[in-house]
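> Listed here are the chains, written in short residue letters.
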Amino acid sequence: MKVLMFGWEFPPHISGGLGTACYGLVKGLAYHNQDIIFVVPKLWGDEEPLADFVNASDISIDYRERKFKKIWKNLTYLEVSSFLVPYLGPEEYQKFTDYAIHDRTDVDESIFTTKYEFSGKYGKNLMEEVSRYALTGAQIARDRSDFEIIHAHDWLSFPAGIAAKEISGKPLIAHVHATEYDRSGESVNKPVYDIERAGMHAADHILAVSQLTKNTIVKRYGIPAEKVSVLHNAVLDASIIKSKYEKKVPEKIVTFLGRITFQKGPEYFVEAAKKVLDRDPNVRFVMAGSGDLLNRMIDRVAELRMASRFHFTGFLKGDDVDHMYAISDVYVMPSVSEPFGISPLEAVRHNTPVIISKQSGVAEVLINAIKVDFWDIDAMADAIFALLHYKGISQMFKELGSQELKKLKWEHVAAKLVTVYEKTLSTRP
Amino acid sequence: MRTICFYFQVHQPYRIKPYRFFDIGEDHYYWDDFSNRTIIRKVAQKCYLPMNALLLELIQRYQGKFKVTFSLSGTFLDQMEAYAPDVLESFQRLVATGQVELLNETYGHALASLKSKAEFTDMVQKHQEKISRLFNGYTPKVFRNTELIYSDKIGEMVADMGYEAILTEGAKHILGWKSPNYVYHNSLNPKLKVLLKNFRLSDDIAFRFSNKTWEDYPLTTDKFINWINAIPKEEQTLNLFMDYETFGEHQWAETGIFEFMRALPESVFKHSDFSFSTPSEIISQVSPVGAIHVPTPISWADEERDLTAWLGNDLQDEAFDRLYELEDQVKKINDPDIQRDWKYLQTSDHFYYMCTKFFSDGSVHEYFSPYDTPYDAFINYMNVLSDFVLRVKEKVKEVEKV
Numbered sequence: 001m002k003v004l005m006f007g008w009e010f011p012p013h014i015s016g017g018l019g020t021a022c023y024g025l026v027k028g029l030a031y032h033n034q035d036i037i038f039v040v041p042k043l044w045g046d047e048e049p050l051a052d053f054v055n056a057s058d059i060s061i062d063y064r065e066r067k068f069k070k071i072w073k074n075l076t077y078l079e080v081s082s083f084l085v086p087y088l089g090p091e092e093y094q095k096f097t098d099y100a101i102h103d104r105t106d107v108d109e110s111i112f113t114t115k116y117e118f119s120g121k122y123g124k125n126l127m128e129e130v131s132r133y134a135l136t137g138a139q140i141a142r143d144r145s146d147f148e149i150i151h152a153h154d155w156l157s158f159p160a161g162i163a164a165k166e167i168s169g170k171p172l173i174a175h176v177h178a179t180e181y182d183r184s185g186e187s188v189n190k191p192v193y194d195i196e197r198a199g200m201h202a203a204d205h206i207l208a209v210s211q212l213t214k215n216t217i218v219k220r221y222g223i224p225a226e227k228v229s230v231l232h233n234a235v236l237d238a239s240i241i242k243s244k245y246e247k248k249v250p251e252k253i254v255t256f257l258g259r260i261t262f263q264k265g266p267e268y269f270v271e272a273a274k275k276v277l278d279r280d281p282n283v284r285f286v287m288a289g290s291g292d293l294l295n296r297m298i299d300r301v302a303e304l305r306m307a308s309r310f311h312f313t314g315f316l317k318g319d320d321v322d323h324m325y326a327i328s329d330v331y332v333m334p335s336v337s338e339p340f341g342i343s344p345l346e347a348v349r350h351n352t353p354v355i356i357s358k359q360s361g362v363a364e365v366l367i368n369a370i371k372v373d374f375w376d377i378d379a380m381a382d383a384i385f386a387l388l389h390y391k392g393i394s395q396m397f398k399e400l401g402s403q404e405l406k407k408l409k410w411e412h413v414a415a416k417l418v419t420v421y422e423k424t425l426s427t428r429p
Numbered sequence: 001m002r003t004i005c006f007y008f009q010v011h012q013p014y015r016i017k018p019y020r021f022f023d024i025g026e027d028h029y030y031w032d033d034f035s036n037r038t039i040i041r042k043v044a045q046k047c048y049l050p051m052n053a054l055l056l057e058l059i060q061r062y063q064g065k066f067k068v069t070f071s072l073s074g075t076f077l078d079q080m081e082a083y084a085p086d087v088l089e090s091f092q093r094l095v096a097t098g099q100v101e102l103l104n105e106t107y108g109h110a111l112a113s114l115k116s117k118a119e120f121t122d123m124v125q126k127h128q129e130k131i132s133r134l135f136n137g138y139t140p141k142v143f144r145n146t147e148l149i150y151s152d153k154i155g156e157m158v159a160d161m162g163y164e165a166i167l168t169e170g171a172k173h174i175l176g177w178k179s180p181n182y183v184y185h186n187s188l189n190p191k192l193k194v195l196l197k198n199f200r201l202s203d204d205i206a207f208r209f210s211n212k213t214w215e216d217y218p219l220t221t222d223k224f225i226n227w228i229n230a231i232p233k234e235e236q237t238l239n240l241f242m243d244y245e246t247f248g249e250h251q252w253a254e255t256g257i258f259e260f261m262r263a264l265p266e267s268v269f270k271h272s273d274f275s276f277s278t279p280s281e282i283i284s285q286v287s288p289v290g291a292i293h294v295p296t297p298i299s300w301a302d303e304e305r306d307l308t309a310w311l312g313n314d315l316q317d318e319a320f321d322r323l324y325e326l327e328d329q330v331k332k333i334n335d336p337d338i339q340r341d342w343k344y345l346q347t348s349d350h351f352y353y354m355c356t357k358f359f360s361d362g363s364v365h366e367y368f369s370p371y372d373t374p375y376d377a378f379i380n381y382m383n384v385l386s387d388f389v390l391r392v393k394e395k396v397k398e399v400e401k402v
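Sequences listed follow chains A and H, in order.
Under my numbering, the letters of the first sequence match residues 1 to 429, in that order.
Under my numbering, the letters of the second sequence match residues 1 to 402, in that order.
FRET-style restraints, in silico, Cβ to Cβ:
#, chain 1, residue 1, chain 2, residue 2, range
1, H, Asn334, A, Arg279, 33 to 39 Å
2, H, Arg391, A, Gln211, 49 to 55 Å
3, A, Lys248, H, Arg262, 53 to 59 Å
None of these hints come from the bench; they were simulated from the model.
Here a beta-carbon is modelled for each residue, glycine too, at the ideal position from N, C-alpha and C.
With these hints in hand, go ahead and build the complete structure from the sequences.
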């Protein structure tokens, strides 16, 4: 089957989980000999040749096409709220907007055709990029008529998917990796929500990364449950990582690793840490990452007078992430709302027992982990204490966790995806 | 006799290098040698060397009539020995003229006086030894606490150590209607004299000198002489206390600050009845007019003249408490590295960097801080402190085994 797939990023140039998931999925589909045309706003040239990559920046848009005018007209209103930054805290926002200002250019203007140079980043021009991306989506759909089905990942590429569907008449699959409710709680960004909703309604079928996300889609976006299939993520490599990196402190280490934002529930980790330290001061807690709640967390840790036992690393990259997993004795992911959450699986690969919130998609696939409600700091503290002190339970989780991991393969995910494609094509009127 | 007392605070902290969580337990060297050396060399060129040369010139020209007073912190002197022996030598030459008085303070420019008498006394003792060693057996008689921090209790401790006088801020809220231009004494121990900074005239030079929006800009010696002549005749002492880095660093050479200082003594001698004295001379000649009551500590910092630049927010209090709970253990350890780091970690600047008073005096704090935010300062300090705690524990174990 030939699939026209719209993404936003692809390894090695990624800033979030979306790119990793796309990579795994494409790899899995390639294993099943599926043909993929993968479109990203910007290609860097060093992507692994798993698909037929199309760089949206190279596409000339022919404005003479009537339908394009209609698409553009419906989309340009989005630029009004172009200051919206969906995935980033203020710190990264600054970084990326600087980038966008310097690198963004409209190039090759001629009377009838325009190429638009995408930065491929999340930033100030994001909404404009999303809109332009939709136009190039339409153009690609017209130029390349050899595909059978369209597959769009998350709201950033939904407008492109919708446009491609309109031009080609081929069915659209909308793949939801996260919703606006996960990112922002109840204070959703209306324009983003509207795009998500439009994409889901325009789609012939929807994929959700977890049952949890499916519930959100049904409840919040008014989609009938039978239109949504759950397609859990997998891991690219399930092998156990034996790190040579050694811990330099005598105490056991309990780790939080992720963006320090509302969605990830860092404050529950801080409060649970206090409860554990009151009982056993010989533990070190580490909050690794950066985000808009970082300073508030530092304040709270100082206020609770536990800063000599609770450490902050700032944003970690490269080897440091592996080192952090390697020296951790317990990994905690207290997310308030996590559509999937790949990081506990990384922890399992490092033989680190994990505690995950029940409000995460990964809780649906990882059986051998302690699961607590994100708000239940007493249960969280209990679980941390138990994993630190009762060798039996941590040993058991280590062994069973790594066995479980081996079952989470992208090949299996892709096989399921192929059946969804086939069903969607066959049920089309 | 009416007299001017010029006192200069000369201090540089040991700045901490970027120290990450992963370094805890592994890297036991905390100090940012590169940035410390760079800053010392820069300030030496802009301030210490030219200003010391100017003061020497004035002392020699006026033959015993022009005098100044310094307090040189231990962390400053250590860095002079390491990075700027030329500066150290120029201070030694100044002291050798006999017209320069040196004060004692805590070795680490620390806040120990607020926490522990034992540590405070110990650090003062160490500073005494350092001054004596570097300045040919010189023994200061007058004390100056970190950032002019003072309270009745601190004064009492200082008197117990045998000092005759202490310098502090002439803060409005403790003086009320009183004038800073008299000698006072400590309210608990009258033997200790208290000299108060005239902050208006001091800050005219230290802060406002180059401020073009100031109504009295530019400050000339004529103007300054007019102001000091306007001081009522019965007020005998004018204490001009300031950071030494005022000259050439806070006020650049281009502002004319050096020319102002070069011309000032001549104008004072010609057009006023003021002389120049050091604190020891003042207390031997002027009697105190009464006690000054300072129940809660004051300092010379910020608009509030209190301790909030260093202590009071959660970050500062947490760091401060975690540091000083080590005191008893550190005392047991006879290890030069531990003792050095213990002194340097106590330096008040580390706590100053954690100040979150963004909206009033934040800009001044920002200017002096090597960190982007108080949170960065806190994290870096706590990482280092966490490693220090581990080392102290190890060493104490070794000691107890023996």
